[in-house]
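Build out the structure end to end from the sequences listed, making use of the hints.
Below are the chains, spelled out letter by letter.
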Amino acid sequence: MRVVDLSVAALIGFASVGAIAVWNPVQLSVQAQAYSEQASLTDYLMHVVSGLGLPWLQQASPNAICSSLLSYSNSSLQVSAEGRDFVCSTGPPAGVQSASIVLQFPRGNLSLLAWRQGKQ
Amino acid sequence: MATRKAVAASIASSIIFSSLLVSNFVVYSGAAENFRLVSLATEEQAFRVQAALATGISLLDLIDGAQNLLSSGSFACSNATDSVAQVLSSESVNIGAGSLRSHSTVTLAPDGNSTDDLAGLQPFNGSVDGMTNLEATTLAQGAAPDGSVSYYASEQHFLNIPLRLGSLTGQCLGAEAEFAAAVGGLGGDMCNSTVLLGAASAVAASVSRSAAADGFVVSVSYFVTSAQPCRVGYWISAQQQNIQGPEGAFTFTEEESGYLEA
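Protein sequence lines, in the order shown, are assigned to chains A and B. In terms of numbering that gives the first Met the number 0, the first sequence has 85 at position 86, counting the first letter as 1, and numbering is strictly consecutive. In terms of numbering that gives the first Met the number 0, the second sequence has 161 at position 162, counting the first letter as 1, and numbering is strictly consecutive.
These are computed hints drawn from the structure, not numbers from a lab. Check before you lean on any hint, since a few could be wrong.
Claimed, not checked - Derived contacts from chain B toward chain A, CB cut-off under 7 Å, selection only: (1) A31; (2) N33; (3) F34; (4) L59.
Glycine included, each C-beta is placed from N, C-alpha and C at the ideal position.
Encoded structure:
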């Protein structure tokens, strides 16, 4: 009887802990936070586009684009670009959450990337 | 007694774990709803961003196209505005970005000042009094593959190209009128090369000076086509040079030609 009782109690315990692990609200919150972070990075990239201007981004040389993006980067947030035949020297480190937007210019696409420094 | 205690412990553990489960479910439901809303907002933002970029790039393409059309030939001074309007109305741009499609067209806008909230197209956004202003209509639509978000936006934007079309046309037509008045007024002496040269040179120098003061280049050429009856042909060229378009600097040219008979 005692063994049965212990087994039932253990079963209830394991089932409950398993259910809590499966329906883990923290994981959802982390994902939601990641989406919010991505939205915030995308908004920042739009701010960069507005500041530099599409006509300028279309005409500017890779060097000019890369050095202008440095002024939009700071200790916590980095911005970089990738064009048809160039990549700015810095890119998001592996595992870091980043956001990108693609500008489809007739001469070729220009991708702008943003990520938080030191945030996995 | 021991059995009762064991059953009581089992019931107590059931109650405790059930409470935990219910509490977890309540928190999980809240988190799931928050996640759903954040996902929708993120997807909606992605459409908004794509639409804004597609609109911006479409309008930039339209200005690029307008620059190419305006710089590729010359326009008659007498109907330059109508010709420019006609040429521009042939322009349209289609862009596909992800599941979003946008279609943009442009027309010549009336003179006047108006700001435009479309950021990122400076210095070509908004209309500026005296410049060549364009009114662009953009239709953007799309939907997420799962149908959770759909996007539709019809927008009108004002753009400008720093070409002073009206002023240039005024200079060209003014030069023509001045030449006709000066040379036509010579009457029978029109084909006297010395008299013609004097009158025509004075007009050419005068209109050229006046145009230069306004930032234009206007030149007047003339030639005697027949002496009997006396007939003088003229050709006027009016240019605005170094117009800063999105594709770099370009020149817009208007021309007018005709004959004067004594």
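Evaluation of the provided hints:
Given hint, A31(B) at the interface with chain A, holds; its Cβ is 6 Å from that chain's nearest Cβ, closer than 7 Å. The beta carbon of N33(B) is positioned within 7 Å of a beta carbon in chain A (closest approach about 6 Å), and the interface hint is therefore held. For F34(B), the interface hint holds, the least distance from its beta-carbon to any beta-carbon of chain A being 4 Å, beneath 7 Å. The closest approach between the C-beta of L59(B) and any C-beta of chain A is roughly 5 Å, which is under the 7 Å cut-off, so the hint is satisfied.
Consistency with the previously given hints is maintained throughout, with no hint failing.
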